[in-house]
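Peer 1: For reference, the chains in residue letters:
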Amino acid sequence: MRHATTIIIGAGQSGLAMSKHLTDRSIDHVLIERGEVANSWQTERWDSLRLLTPNWQSRLPGYAYDGDDPDGYMSVTEVVGYLKRYAGASSAPVHARTKVTRVRQVDGGYEVATDQGPLRCRTLVLASGACNIATVPAVAAGLPPEIASLTPMQYRKPDELPDGGVMVVGASASGVQLAREIRASGRSVIVAAGEHVRVPRIYRGRDIKWWMDAIGAMELRYDAVDDIDRARRLPSLQLIGTPGRETIDLNSLRKAGVEIAGRLAGMHDGKVQFSAALPNHCALADLKMNRLLATIDAWILASGQEDRFAAPHRFEPTEIDPQARLGMDLNDGCVRTVIWATGYRPDYSWLDVPVLDRKGRIRHDGGVVAAPGMYVMGLPFMRRRKSSFIDGAGDDAAELAAHLNLGLRRSAA
Amino acid sequence: MTKTTGSNAAKINNGVNVDALLGAREALEQTPEAAQFKWRASCEWVTGTHSRSVIGNYFGLGAEQSRDKNFRVEADHPKVFASEDNAPTPVEIVLSALASCLTAGVAAVAQRRGIQLRSVKATVEGDMDIQGVLGMDDDIRNGFGGIRVHFDIRADASPDDIKSLVAQSQKRSAVFDIVTNPTNVFVTVN
Chain A
1 MRHATTIIIG
11 AGQSGLAMSK
21 HLTDRSIDHV
31 LIERGEVANS
41 WQTERWDSLR
51 LLTPNWQSRL
61 PGYAYDGDDP
71 DGYMSVTEVV
81 GYLKRYAGAS
91 SAPVHARTKV
101 TRVRQVDGGY
111 EVATDQGPLR
121 CRTLVLASGA
131 CNIATVPAVA
141 AGLPPEIASL
151 TPMQYRKPDE
161 LPDGGVMVVG
171 ASASGVQLAR
181 EIRASGRSVI
191 VAAGEHVRVP
201 RIYRGRDIKW
211 WMDAIGAMEL
221 RYDAVDDIDR
231 ARRLPSLQLI
241 GTPGRETIDL
251 NSLRKAGVEI
261 AGRLAGMHDG
271 KVQFSAALPN
281 HCALADLKMN
291 RLLATIDAWI
301 LASGQEDRFA
311 APHRFEPTEI
321 DPQARLGMDL
331 NDGCVRTVIW
341 ATGYRPDYSW
351 LDVPVLDRKG
361 RIRHDGGVVA
371 APGMYVMGLP
381 FMRRRKSSFI
391 DGAGDDAAEL
401 AAHLNLGLRR
411 SAA
Chain B
1 MTKTTGSNAA
11 KINNGVNVDA
21 LLGAREALEQ
31 TPEAAQFKWR
41 ASCEWVTGTH
51 SRSVIGNYFG
61 LGAEQSRDKN
71 FRVEADHPKV
81 FASEDNAPTP
91 VEIVLSALAS
101 CLTAGVAAVA
111 QRRGIQLRSV
121 KATVEGDMDI
131 QGVLGMDDDI
141 RNGFGGIRVH
151 FDIRADASPD
161 DIKSLVAQSQ
171 KRSAVFDIVT
181 NPTNVFVTVN
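Those sequence lines, one after another, are chains A and B. Using the numbering used here, the first residue of the first sequence is number 1, and each one after it goes up by one. Using the numbering used here, the first residue of the second sequence is number 1, and each one after it goes up by one.
Among the hints, a few may not be true.
[As the list claims (entries may be wrong)] Derived coverage of chain A by chain B (criterion: at least 3 residues anywhere in the stretch with Cβ under 8 Å from a Cβ of chain B; other residues may be distant):
no. : segment
1   : 264 to 273
2   : 358 to 372
[As the list claims (entries may be wrong)] Capping the alpha-carbon separation at 25 Å, the derived lysine-lysine pairs in PhoX-like fashion look like this:
no. : chain 1 : residue 1 : chain 2 : residue 2
3   : A       : 99        : A       : 84
4   : A       : 359       : B       : 38
5   : B       : 163       : B       : 11
6   : B       : 79        : B       : 121
7   : B       : 163       : A       : 288
8   : B       : 11        : A       : 359
9   : B       : 121       : B       : 11
10  : A       : 288       : B       : 171
11  : A       : 255       : A       : 288
[As the list claims (entries may be wrong)] Here are the simulated distance ranges between beta carbons:
no. : chain 1 : residue 1 : chain 2 : residue 2 : range
12  : A       : 350       : B       : 145       : 38 to 44 Å
13  : A       : 370       : B       : 100       : 54 to 60 Å
14  : B       : 22        : A       : 334       : 41 to 47 Å
Simulated from the structure, these hints should not be mistaken for lab results. We treat Cβ as the ideally placed atom computed from N, Cα and C, and that holds for glycine.
The following block holds chain A by itself, in its conformation from the complex (with noise of 0.2 Å):
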């Protein structure tokens, strides 16, 4: 049986970062990858999606953007290919359109079957990602079976889906970028919101993302946190890669013209019933935006560069239509599609190894998993605020790497 001191399963950022620390310090390795680099960039991402990080956010170990455009969002095939440069770059041991069908502990490390035979290694890595299956809520199965019902990883651009209406569940960036780009397609689109982080794309003259890495907020480490749990389930901010560097956000969408509801509460028979909560979801967004940008504005002042910036300012508040409606029909034809942007969760089917608490979550101390030898890596918030993006992988990685070879020299005295 072919053996590697570590097995990187996944040959995504956070996988092609770890092998990179793992090269340095010349510790043999390999990455099993189910399709190729960035493979759930290339296959399960929808056709306008752009990064939403700025393009000279995109730094990796021993990498970084040089194109002429350091403001812009790439694109998912300005991804993939950035991806597989790093992989060449870094000379990334890839085992490519291999699958792992099940990974159990063996005698001093792990045995990882594939269908391409099984390997076995001391030390693993698991960098298979974090949004590896839409997270559908149990209310779906109450709906009607004339009408479609897709996640966003089914979904690819608003001429594939079916005539008519569509209900979007979800109001983090994927949904409202979904809702944005389908209504803008001439359809009818409600949007079903609950808890949801609202950011402008730009302040004072910057990117959100320049300003969160600037005043230190990505590199909040997660033993730092009062509540930790809480802060990983944070929803994914509303934000959308454009040229044009526009922002979106509930009032955005309220003046293309998308219907707003609050989050989706109930389904029986065809007839959804919304939260009437709305008000207070929308409150607490606002509010957590202006700290945010009161953030800002107070480090902009501690650091006196008051000049260097343009002058501090607030957004209008959301909008709250008081009349939003609480119920809905399907049955009278109006919506012939739901997409489910209720989230994503990583898939550990093939994990046979029992360290999966009951919510089946991985379960990890800053990414060193609750078994010898193990790590995982790309976790929201999992070492720092920036671990599941791909400016988090560098040091997550480094950090990971010096503690894998520890254990390594530890065991081998």
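Fit chain B to the known structure of chain A by using the hints.
Peer 2: Same frame as chain A, but now just chain B:
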């Protein structure tokens, strides 16, 4: 966002034992089945629209829980409905429950965030078109067409921090959830 030190939290006192609540949350993380509660009330007809509810034992933390005493809550209808007005109407009790739940939440969140409250007053108003309950128009619902809650809060905090207390209280309020989201209700007869 970052860890708050105990020093600030220790100085303020809103009469809420936040440490006990956080301890409970930690304990329930290990034993989620103990988090399953059943709340109860029993209601007996007195006469006319007048009724009397008794609220006593409840189930929680894996066991039947008794209280030092039972509570009584009466309800009736006002004289304009040709009733005796012995007690508030059930819908007013719902409004009062909503205000109580949100107010308790404000105190708990303030304690947690190290904000000293000076005074909290919630006023609630619900709109109702009684053509619904009188069966005059099927297009009109029986319940409230809308509910408005207004908070007057004096506290050692900025206006935005106070708004944030109220928003967080709504986010964690049971009665707010009951009022704003549907619940399956099963009514049986002996």
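Peer 1: Look at each hint and say if it fits the structure.
Peer 2: Status of each hint after checking the structure:
1. 264 to 273: holds (count 3)
2. 358 to 372: Violated - the segment 358 to 372 of chain A has 1 residues with a Cβ nearer than 8 Å to chain B, which falls short of three.
3. A:99 to A:84: 19 Å, holds
4. A:359 to B:38: 23 Å, holds
5. B:163 to B:11: 22 Å, holds
6. B:79 to B:121: Not OK: residue 79 (chain B) and residue 121 (chain B) at ~28 Å, beyond 25 Å, violated.
7. B:163 to A:288: 11 Å, holds
8. B:11 to A:359: Distance of about 38 Å is beyond 25 Å: violated.
9. B:121 to B:11: Roughly 23 Å between the alpha carbons, so the hint for residue 121 (chain B) and residue 11 (chain B) holds.
10. A:288 to B:171: Given that 25 Å is the threshold and the Cα spacing comes to 13 Å, the pair holds.
11. A:255 to A:288: Status holds; Cα separation ~22 Å.
12. A:350 to B:145: 38 to 44 Å: At roughly 53 Å between Cβ atoms, residue 145 (chain B) and residue 350 (chain A) fall outside 38 to 44 Å, so the hint is violated.
13. A:370 to B:100: 54 to 60 Å: Distance hint for residue 370 (chain A), residue 100 (chain B) is violated at roughly 42 Å.
14. B:22 to A:334: 41 to 47 Å: 46 Å, holds
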